[in-house]
Structure formats: structure tokens, C-alpha cells
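There are 2 protein chains.
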Amino acid sequence: MCEHGLVPKIVDHEARRGEIALAVRRLVAREGLAGATVRAVADESGWSMGAVRYYFASQDQLLVFAVESMMEQVTARVLRIRERMPAGPDRAAALIEQLLPRDAERRAECTVWLAALARARHDPTMDELRHRAWAGERHLLALAICDARGVAVDFVRNEVPERLVADVDDLQLRVDGATLIWTNMADQVRGRDLSMTVRNWVEDLAG
Amino acid sequence: MCEHGLVPKIVDHEARRGEIALAVRRLVAREGLAGATVRAVADESGWSMGAVRYYFASQDQLLVFAVESMMEQVTARVLRIRERMPAGPDRAAALIEQLLPRDAERRAECTVWLAALARARHDPTMDELRHRAWAGERHLLALAICDARGVAVDFVRNEVPERLVADVDDLQLRVDGATLIWTNMADQVRGRDLSMTVRNWVEDLAG
Chain A
1 MCEHGLVPKI
11 VDHEARRGEI
21 ALAVRRLVAR
31 EGLAGATVRA
41 VADESGWSMG
51 AVRYYFASQD
61 QLLVFAVESM
71 MEQVTARVLR
81 IRERMPAGPD
91 RAAALIEQLL
101 PRDAERRAEC
111 TVWLAALARA
121 RHDPTMDELR
131 HRAWAGERHL
141 LALAICDARG
151 VAVDFVRNEV
161 PERLVADVDD
171 LQLRVDGATL
181 IWTNMADQVR
191 GRDLSMTVRN
201 WVEDLAG
Chain B
1 MCEHGLVPKI
11 VDHEARRGEI
21 ALAVRRLVAR
31 EGLAGATVRA
41 VADESGWSMG
51 AVRYYFASQD
61 QLLVFAVESM
71 MEQVTARVLR
81 IRERMPAGPD
91 RAAALIEQLL
101 PRDAERRAEC
111 TVWLAALARA
121 RHDPTMDELR
131 HRAWAGERHL
141 LALAICDARG
151 VAVDFVRNEV
161 PERLVADVDD
171 LQLRVDGATL
181 IWTNMADQVR
191 GRDLSMTVRN
201 WVEDLAG
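Taken in sequence, the protein lines are chains A and B.
Under the working numbering, the first sequence has 90 at position 90, and the numbering climbs by one with no breaks.
Under the working numbering, the second sequence has 169 at position 169, and the numbering climbs by one with no breaks.
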């Protein structure tokens with residue numbers, strides 16, 4: 001632990017926090033919110049309970065952090081997609097899919113998000129986080145709608161222009177419904193292709 | 001408690017179970033799943049902890065019962081609507097609204113349902129209940145789609161004919177998305193009218 005006192009101890013806080021967040025997401029996905037105790041997170045991440053507690057004094061803080069790190073991951077993926085793919089319906093679908101539980105990693109993110117939402121109902125300290133996530137989701141969907149229609153984006157981050165509001169409202173219902181169903185009732189939709197479903201939404205929006 | 005030993009003690013089990021279920025729904029809506037302890041349910045319902053335990057040995061059983069009683073309530077409301085309203089788009093909207101958190105009672109039902117779904121992910125003993133709820137929801141949506149289009153219902157309970165599957169799939173996404181949003185992010189949709197939203201879906205389906 002003390003590195004023999006010879007080498008100055010350099011801790012990469014960001015990397016450590018990232019590892020801990022990943023452990024939280026994995027635990028919540030596997031065992032539910034109740035499974036993400038400080039002890040379990042320490043076991044899962046390979047860090048000591050002291051190290052975990054250094055960043056997060058309580059289970060609530062762990063959950064908030066897991067949601068924040070999930071939002072950062074989604075944002076990073078969205079930026080990469082917008083840099084690397086040309087505008088158009090394929091990119092629209094790729095953007096929307098960043099919010100959906102289409103693989104194990106995203107399923108873990110969605111589980112954390114749904115657990116946090118249920119918790120936030122009774123915890124006003126989570127309002128700011130919840131509002132930020134809401135605005136971020138709607139901005140992403142507005143970007144996707146522009147791509148689906150082949151029109152330019154003329155609005156700034158976390159803003160949805162009036163002309164897109166009704167479409168964002170409807171697309172968000174579908175996205176949130178799919179999040180709930182593919183996360184919590186995956187066995188019921190085993191025969192349904194989530195990517196194909198997103199494709200249909202994009203075609204709807206273009207038409 | 002003993003009625004002086006003179007009058008034979010007649011317990012209306014159904015009524016008592018109903019009162020306890022209502023207390024569970026209220027508690028879950030107000031305080032989350034963790035709030036529905038046997039003690040809190042006893043306080044809320046006015047029954048003794050012994051009486052509550054007579055029906056439900058554990059908090060898990062309370063939750064399962066709350067979901068079952070919610071499903072019975074929805075079914076009863078749906079039957080009443082189909083008896084009293086003529087077929088058509090108005091009835092379609094009324095049917096769909098039975099699943100949505102449009103008032104305090106239904107918001108409590110939806111909170112219980114979302115909590116149960118999250119729990120069911122990690123509890124296979126709840127699979128049967130979850131599958132029953134899924135089939136019931138889809139049957140109700142198939143009935144609503146027939147009403148929206150003015151076509152006769154030619155299928156039996158818990159069956160969705162092949163020609164309606166794609167429409168039921170899409171309507172269910174919207175319904176489940178609206179359930180999640182209007183239950184857990186009500187402050188974000190304060191200006192949006194849920195009934196008007198359902199109306200738009202019904203028009204979409206008819207068109």
C-alpha cells in the first residue's frame with residue numbers, strides 16, 4: 001500500500017473512478033441496486049473498501065456517480081459517431097442506439113439508469129442529475145431526427161428547437177419504452193431485432 | 001379482536017386483502033419499494049402486523065400481491081369500459097389510458113409495476129407474473145387497435161393475431177415509455193396532456 005515510502009504515490013484518480021463506476025454498473029446489472037454495496041464494489045473493482053469510500057461515502061453517491069459516468073460514456077460515444085460517420089439515416093440510427101440496451105455494456109447502463117430513476121422519485125437531491133439526463137437525451141434525439149431527415153443542425157447543446165419538439169416527444173416515448181422492455185423483459189423480445197426497430201423509427205421520421 | 005366470543009367471527013378475506021393491497025400501492029408510490037415493510041403496511045391499512053402477515057409472509061409476497069391486485073383492477077376497469085362504451089376511437093383511448101399513470105391511483109399502480117419489473121429481473125419466481133402482465137397488456141392494446149380502426153375483435157383473451165403484432169409492438173413501446181416518463185419524470189412533462197398524447201396514437205392507428 002505504501003509503496004515502501006520510496007516512490008511518490010501517484011494515483012490516477014480519473015482511471016480509478018472509472019474502474020469503480022464500471023464495477024457499480026456491472027453489479028447493478030447483475031444483482032440490482034441493492035447489490036451495489038461499498039463492499040461488493042470493492043470486491044468487483046479490485047480496490048479496497050477504503051479506496052471506494054474515498055470517492056463515495058454512501059451507496060447513494062455510488063449510484064449518482066454511476067449515472068454520471070454513464071452519461072459521460074454516452075456523450076463520448078455520440079461525439080465519436082458524429083465525427084466518424086457522415087450525416088444521414090445510418091448515423092441517426094447509430095445515435096439512437098447509444099441510448100438503448102443493445103449489448104451487455106449498454107444493458108448495464110440502462111439498468112443503472114432505471115434504478116436511479118426509481119430512486120430519484122423519492123430523492124430530490126437527484127433532481128439536477130435527472131434533469132441533465134433528460135435534456136441530454138432529448139438533445140441527442142433532436143440530432144438524430146436531423147440526420148434522419150438530412151437537414152442541418154442549427155441548435156446548440158441541450159436545446160431542442162420548437163419545430164422538433166413533437167417529434168422528439170414521440171421518439172423519446174419509443175426509446176424509453178424500448179429501454180424498459182429490452183432491459184427488464186428481454187425474454188419477451190428475444191425474437192425482435194432492436195436495430196431493425198430503430199431503423200423503422202428512422203424511416204418513420206424521414207417519411 | 002375476539003368479538004366477545006358471542007358472534008362468529010366472519011372475516012371478509014377478499015375485502016381485507018384488497019385494503020392491504022391498496023396500502024402497499026400507496027406506500028410504494030409515496031416512499032418507494034423499500035417503504036412497503038410489513039409494519040408500514042399495517043400502519044397504512046389499519047390492520048395489525050399479524051393480519052398483514054397472515055396474508056403475506058414477506059415483503060416479496062406483498063409486492064407480488066400488489067401487482068396481481070393491480071392487474072385485477074385494470075382488468076375490471078377494461079371490462080366495464082367495453083360494456084359501457086360503444087366501439088370506436090373514444091373507447092380505444094379509454095382502454096389505453098387504463099395502463100397509464102394519469103391520476104394518483106394509476107400513478108401508484110405504475111410505480112408498483114416498475115418496482116416489480118426491476119425486482120423481477122433478479123427474481124425468477126416472478127417470471128410467471130411478469131409474463132401474465134405482458135400478455136394482458138398486449139391483449140388490451142390489440143383490443144384498442146381494433147377499436148381505433150373500427151374492426152371487429154375476432155381473437156380470444158391473451159392472444160394477439162399475427163396481423164396486429166407490429167402495431168401492438170409499436171403501441172406498447174409508446175405506452176411503456178409514457179408509463180416510465182409520466183411516473184418517474186412527471187415534472188418534465190407537466191405541460192403535456194397525457195390524454196391528448198393517447199388521442200394522437202389512436203389517430204395514428206386509425207390513419
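Keep in mind that the hints were calculated from the coordinates and are not lab data.
Idealized CB from N, CA, C, for every residue including glycine.
Be careful, since some hints might not be right.
Stated by the list, open to error - Here are a few chain A residues that face chain B, going by a calculated C-beta distance under 7 Å:
| hint | residue |
| --- | --- |
| 1 | His122 |
| 2 | Met126 |
| 3 | Arg132 |
| 4 | Gly136 |
| 5 | Val151 |
| 6 | Phe155 |
| 7 | Asp176 |
| 8 | Gly177 |
| 9 | Ala178 |
| 10 | Leu180 |
| 11 | Asn184 |
| 12 | Arg190 |
| 13 | Leu194 |
| 14 | Ser195 |
Cross-check of the supplied hints:
Taking 7 Å as the C-beta contact cut-off toward chain B, the hint placing His122 (chain A) at the interface holds, the least distance being around 5 Å. The beta carbon of Met126 (chain A) is not positioned within 7 Å of any beta carbon in chain B (closest approach about 11 Å), and the interface hint is therefore violated. The criterion of a C-beta within 7 Å of any C-beta in chain B is not met by Arg132 (chain A), whose closest approach is roughly 12 Å, and the hint is violated. Interface hint status for Gly136 (chain A): violated, as the beta-carbon distance to the closest one in chain B is roughly 12 Å, over 7 Å.
Residue-level restraint check for Val151 (chain A) is violated (minimum Cβ-Cβ distance to chain B is 23 Å; threshold 7 Å). Of the supplied interface hints, the one on Phe155 (chain A) is violated, with its beta-carbon coming no nearer than about 19 Å to a beta-carbon of chain B, more than 7 Å. For Asp176 (chain A), the suggested interface contact is upheld, since its CB lies about 4 Å from the closest CB of chain B, less than 7 Å. Below 7 Å, beta-carbon pairs count as interface contacts, and Gly177 (chain A) has one with chain B at about 3 Å; its hint therefore holds.
Among the interface hints, the one on Ala178 (chain A) holds; its C-beta lies about 6 Å from the nearest C-beta in chain B, closer than the 7 Å criterion. Look at Leu180 (chain A): its Cβ gets to within about 5 Å of chain B, closer than 7 Å, so that hint holds up. A distance limit of 7 Å between C-beta atoms decides the matter here; for Asn184 (chain A) the minimum to chain B is near 4 Å, and the interface restraint holds. This hint is violated: Arg190 (chain A) has a C-beta 13 Å from the nearest C-beta of chain B, more than the 7 Å allowed.
Violation of the interface hint for Leu194 (chain A) is found here, the shortest Cβ-Cβ separation to chain B being roughly 11 Å, above the 7 Å cut-off. For Ser195 (chain A), the interface hint is violated, since its Cβ never comes within 7 Å of a Cβ in chain B; the closest pair sits about 14 Å apart.
Figure legend: structure checked against the earlier numbered hints; hints not met, in rising order: 2, 3, 4, 5, 6, 12, 13 and 14.
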